[in-house]
Amino acid sequence: MELNKYQQEAFDKQRPVIENFGKKTWAWTIFFMAWILLGGYALYLQITKGHGITGMRDNVVWGLYIANFIFFIGISYAGAVISGILHILKVEWRKPIIRIAEMITVIATIIGPVYILLCVGRLDRLHHLFIYPRLQSPITWDVLAISTYFTGSVIFLYLALIKDFAIYRDAKLNIPKWKQKLYKILAIGYRGTHSQNRHIRISTNLMAIMIVPLAIIVHSVLSWIFGMTLRPGWHSTIFGPYFVLAAIYSGTGVLIMAMWVYRKMYGLQSYLTDKHFIYLGYIMMVLGAGYGYFTFSEYLTGWFASEKWESEVLEKLFNPAKYGWWFLFANVAGILLPIVVVALPKTRTPNLIALVSLFMVIALWVKRYLIIVPTLESPLLPMQDTRIEYVKYTATWVEWALTFGGIATFFLFFTLMSKFVTVIPISEFANKGTTAEQPVLNENEIASA
Amino acid sequence: MKELETNDNGRRDFIKTVALATVATAACGTLASSCSSKVAANEKVKLLSPDGEIVEIDSSYLNYQEHLAIVSKLEARQGIAGKKFVMVVDLSRCKDARKCISACQKWHYRPEDREWLTVKLMRDSENAPPYWFPKQCFHCDNPPCVKVCPVDATYKRQDGLVLIDNERCIGCKFCMAACPYSTRVFNWNEPEMPFDIQHAVSNPETNIPAKVGTVEKCDFCPDRARVGLLPPCVEACPNGVFYYGDENEDTVSNGDETLGFKQLIKDRAGYRFMEELGTKPRVYYLPPKDRQFPVERGYENLPDKIKARYKDAMEGTEK
Numbered sequence: 001m002e003l004n005k006y007q008q009e010a011f012d013k014q015r016p017v018i019e020n021f022g023k024k025t026w027a028w029t030i031f032f033m034a035w036i037l038l039g040g041y042a043l044y045l046q047i048t049k050g051h052g053i054t055g056m057r058d059n060v061v062w063g064l065y066i067a068n069f070i071f072f073i074g075i076s077y078a079g080a081v082i083s084g085i086l087h088i089l090k091v092e093w094r095k096p097i098i099r100i101a102e103m104i105t106v107i108a109t110i111i112g113p114v115y116i117l118l119c120v121g122r123l124d125r126l127h128h129l130f131i132y133p134r135l136q137s138p139i140t141w142d143v144l145a146i147s148t149y150f151t152g153s154v155i156f157l158y159l160a161l162i163k164d165f166a167i168y169r170d171a172k173l174n175i176p177k178w179k180q181k182l183y184k185i186l187a188i189g190y191r192g193t194h195s196q197n198r199h200i201r202i203s204t205n206l207m208a209i210m211i212v213p214l215a216i217i218v219h220s221v222l223s224w225i226f227g228m229t230l231r232p233g234w235h236s237t238i239f240g241p242y243f244v245l246a247a248i249y250s251g252t253g254v255l256i257m258a259m260w261v262y263r264k265m266y267g268l269q270s271y272l273t274d275k276h277f278i279y280l281g282y283i284m285m286v287l288g289a290g291y292g293y294f295t296f297s298e299y300l301t302g303w304f305a306s307e308k309w310e311s312e313v314l315e316k317l318f319n320p321a322k323y324g325w326w327f328l329f330a331n332v333a334g335i336l337l338p339i340v341v342v343a344l345p346k347t348r349t350p351n352l353i354a355l356v357s358l359f360m361v362i363a364l365w366v367k368r369y370l371i372i373v374p375t376l377e378s379p380l381l382p383m384q385d386t387r388i389e390y391v392k393y394t395a396t397w398v399e400w401a402l403t404f405g406g407i408a409t410f411f412l413f414f415t416l417m418s419k420f421v422t423v424i425p426i427s428e429f430a431n432k433g434t435t436a437e438q439p440v441l442n443e444n445e446i447a448s449a
Numbered sequence: 001m002k003e004l005e006t007n008d009n010g011r012r013d014f015i016k017t018v019a020l021a022t023v024a025t026a027a028c029g030t031l032a033s034s035c036s037s038k039v040a041a042n043e044k045v046k047l048l049s050p051d052g053e054i055v056e057i058d059s060s061y062l063n064y065q066e067h068l069a070i071v072s073k074l075e076a077r078q079g080i081a082g083k084k085f086v087m088v089v090d091l092s093r094c095k096d097a098r099k100c101i102s103a104c105q106k107w108h109y110r111p112e113d114r115e116w117l118t119v120k121l122m123r124d125s126e127n128a129p130p131y132w133f134p135k136q137c138f139h140c141d142n143p144p145c146v147k148v149c150p151v152d153a154t155y156k157r158q159d160g161l162v163l164i165d166n167e168r169c170i171g172c173k174f175c176m177a178a179c180p181y182s183t184r185v186f187n188w189n190e191p192e193m194p195f196d197i198q199h200a201v202s203n204p205e206t207n208i209p210a211k212v213g214t215v216e217k218c219d220f221c222p223d224r225a226r227v228g229l230l231p232p233c234v235e236a237c238p239n240g241v242f243y244y245g246d247e248n249e250d251t252v253s254n255g256d257e258t259l260g261f262k263q264l265i266k267d268r269a270g271y272r273f274m275e276e277l278g279t280k281p282r283v284y285y286l287p288p289k290d291r292q293f294p295v296e297r298g299y300e301n302l303p304d305k306i307k308a309r310y311k312d313a314m315e316g317t318e319k
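As given, the protein sequences belong to chains B and H, one line each in that order.
No gaps in the numbering here: position 375 of the first sequence is 375 in our numbering, and each next residue is one more.
No gaps in the numbering here: position 173 of the second sequence is 173 in our numbering, and each next residue is one more.
Derived by calculation from the structure, the hints in this document are not laboratory data.
Keep in mind that the hints are not guaranteed to be accurate.
Unchecked claim - No more than 25 Å apart at the CA atoms, straight line, and that leaves these computed lysine-lysine pairs for BS3-like:
1) B:184 with B:172
2) H:311 with B:308
3) B:95 with B:23
4) B:308 with H:280
5) B:419 with B:24
6) B:392 with H:289
7) B:163 with B:24
8) B:172 with B:308
9) H:311 with H:147
10) H:307 with B:392
11) B:13 with B:95
12) H:211 with H:147
13) B:23 with B:13
14) H:311 with B:392
15) B:322 with H:311
16) B:419 with B:13
17) B:24 with B:5
18) B:172 with B:5
19) B:23 with B:264
20) B:49 with H:211
21) H:99 with H:289
22) H:311 with B:316
23) B:419 with B:163
24) B:95 with B:275
Every value quoted in this text rests on a predicted model; they were computed, and no experiment measured them.
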């Protein structure tokens, strides 16, 4: 593969990253592995001893696991929607960030569904989903939607990787044989011919168009697991769009954080520029406003009409002695903070945007928890004549271990992926130059925008 | 089988079998051990036959009858032809004696604290007096739980019952989240049961044995209905709160008296709980008018552990 000047530059910059694993990476890998092992031990206990060792009980049948499931599928929207839409709109500055975004998608879509499996009491009967499928069940929709979405995301990521694999293959990197072989296989004989380029271009366009509706379907179906039931706080018509918007929003936050980490870790300032943070910050701000609007209308209507059961759930959310502080945190850190920080020119810096992204992502995780648990703690019939320990949900260490195990898996996959492929796509840089050298807007324009 | 006959004979058979059932339980009551799971072989049990004669039967035979899965799994999915099981609960008679609960658990070999049937202390509004409200599975005609099951493990039968095949259930608990009445329970840990029960042939009609990681609930005892027995909760109730029967036959019985279902609902203003949810329950309630017991009667004599469950609700009523 012949590289142009800009491609060569980008490649030289990242070459050491994929050539050497490095002591630091080893340390991180071991650190993450330790968490994963702890999660694995918790999983072993859960499987052998039964779900009794979790905090879930007959009233609160789902807990942390489902919150994690929604959370991970949510952040997977970074690649699917952000990268997909930017691709369709042919936004030039997307090019350095698409790889990170699509990696988030694939990795989060691998981890997310694991959490729904953790809620399943009989993992040995999982094949029943395929031998006795019931198409009427929202869970079956989820199985179909997520598996399609995952396949689509992998293809979307891979299409953008083929040219890079060919570059790694031809670059005579100082790497082990198996890795070289793997690059060769994955490059599937790409030589940069006109016809090959055309095929990749058409396929990528098609996938970009398909991945957006697929992603919307996935989170809608997921929200309907709750929306289709007769439970207060769940049985809401806006749950589909509300979940979709929250998902894109949290995905953007994770994308910003990942960019910040890579920029720091591998010194990629010239590719992941301030401009990228500010543009994604704008996107985050708009999504945050939309998410805030949905949140407001969801709770205002419930509170104003004050139907009996809805009021019970709202009372739990508004009462400081119950979930009040968490609810406040979810809305302040999840809605107000990102909007204010991006809106004010003074605070609109990469560091601060990344910091509020972190808060926002945590707030959205809390929000998912607040969607699941308070509703399950508010059944329509009074919670009497049930064991006292069944009334309130408190997650046990097993659930937390598996939660952190999942987060560690996310980081580990990311670390390993960044050692296998360059996080900044090399082949994307056309002859005319990197986006960093040709800013779309100059600084003044950004400030006034 | 008697149950398979059409409506002409159905009513008379039903009454006859109910009578036998009552006698059989009475016999069980006197010879308490003979109805528990473990009985020494060759022990004789005296029973009153329908013709009024006292007969002696080997107790092992009685046990054998108890939990025989008498139908195939396919039949257990189809249900009993021509039947539409229904239950009427007379709220004016309930004093939270909790005999229904213990009988149900004993019959199904469930431990003490795995209630399929619960008794709530309900209070419809601030000025309304509280009343005891026994609640089992409503066997809805539009069941939210069946709608959401991804593997068809819980299903609706032609005789109106909603059952669970616990050999198919994957334990996703979606049905538990979907049921608006918190009826379903989950086997969070390996259930403890007698050895022979643990190794019994599983059937959705008997609900035995319980299986870890699966959902279970009140099944309206179709295995007993097939042999003409009333569910244990109905038989055990000292106050005749529960009436069980067949909507097609228009007959319900609480063991002591057998009444016309429609007439009972008409005379006593029967209603279905939370009709507005559209689930169409198969359990009807008779309003707690002219109550036989003051509500405190059900609270005072409870063991402390159970008492604690109602503490909040009872405090509200004393004001």
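Hint by hint, here is what the structure shows:
1. B:184 with B:172: holds, 12 Å
2. H:311 with B:308: holds, 22 Å
3. B:95 with B:23: Violated, at about 30 Å.
4. B:308 with H:280: Distance of about 21 Å is within 25 Å: holds.
5. B:419 with B:24: Holds, at about 12 Å.
6. B:392 with H:289: Cα-Cα ~34 Å, so violated.
7. B:163 with B:24: Cα-Cα ~29 Å, so violated.
8. B:172 with B:308: This hinted pair is violated, its Cα atoms lying about 70 Å apart.
9. H:311 with H:147: Violated, at about 35 Å.
10. H:307 with B:392: holds, 18 Å
11. B:13 with B:95: The hint holds at about 16 Å.
12. H:211 with H:147: Holds: residue 211 of chain H and residue 147 of chain H sit about 22 Å apart, inside 25 Å.
13. B:23 with B:13: holds, 19 Å
14. H:311 with B:392: holds, 16 Å
15. B:322 with H:311: Since the Cα atoms of residue 322 of chain B and residue 311 of chain H sit roughly 20 Å apart, the hinted pair holds (cutoff 25 Å).
16. B:419 with B:13: Within the cut-off at roughly 13 Å; holds.
17. B:24 with B:5: Given that 25 Å is the threshold and the Cα spacing comes to 31 Å, the pair is violated.
18. B:172 with B:5: holds, 18 Å
19. B:23 with B:264: OK: residue 23 of chain B and residue 264 of chain B at ~17 Å, within 25 Å.
20. B:49 with H:211: OK: residue 49 of chain B and residue 211 of chain H at ~13 Å, within 25 Å.
21. H:99 with H:289: holds, 22 Å
22. H:311 with B:316: holds, 20 Å
23. B:419 with B:163: holds, 17 Å
24. B:95 with B:275: Holds. Residue 95 of chain B to residue 275 of chain B sits at ~13 Å (cutoff 25 Å).
In the structure shown, a violation is registered for the earlier hints numbered 3, 6, 7, 8, 9, 17, in ascending order.
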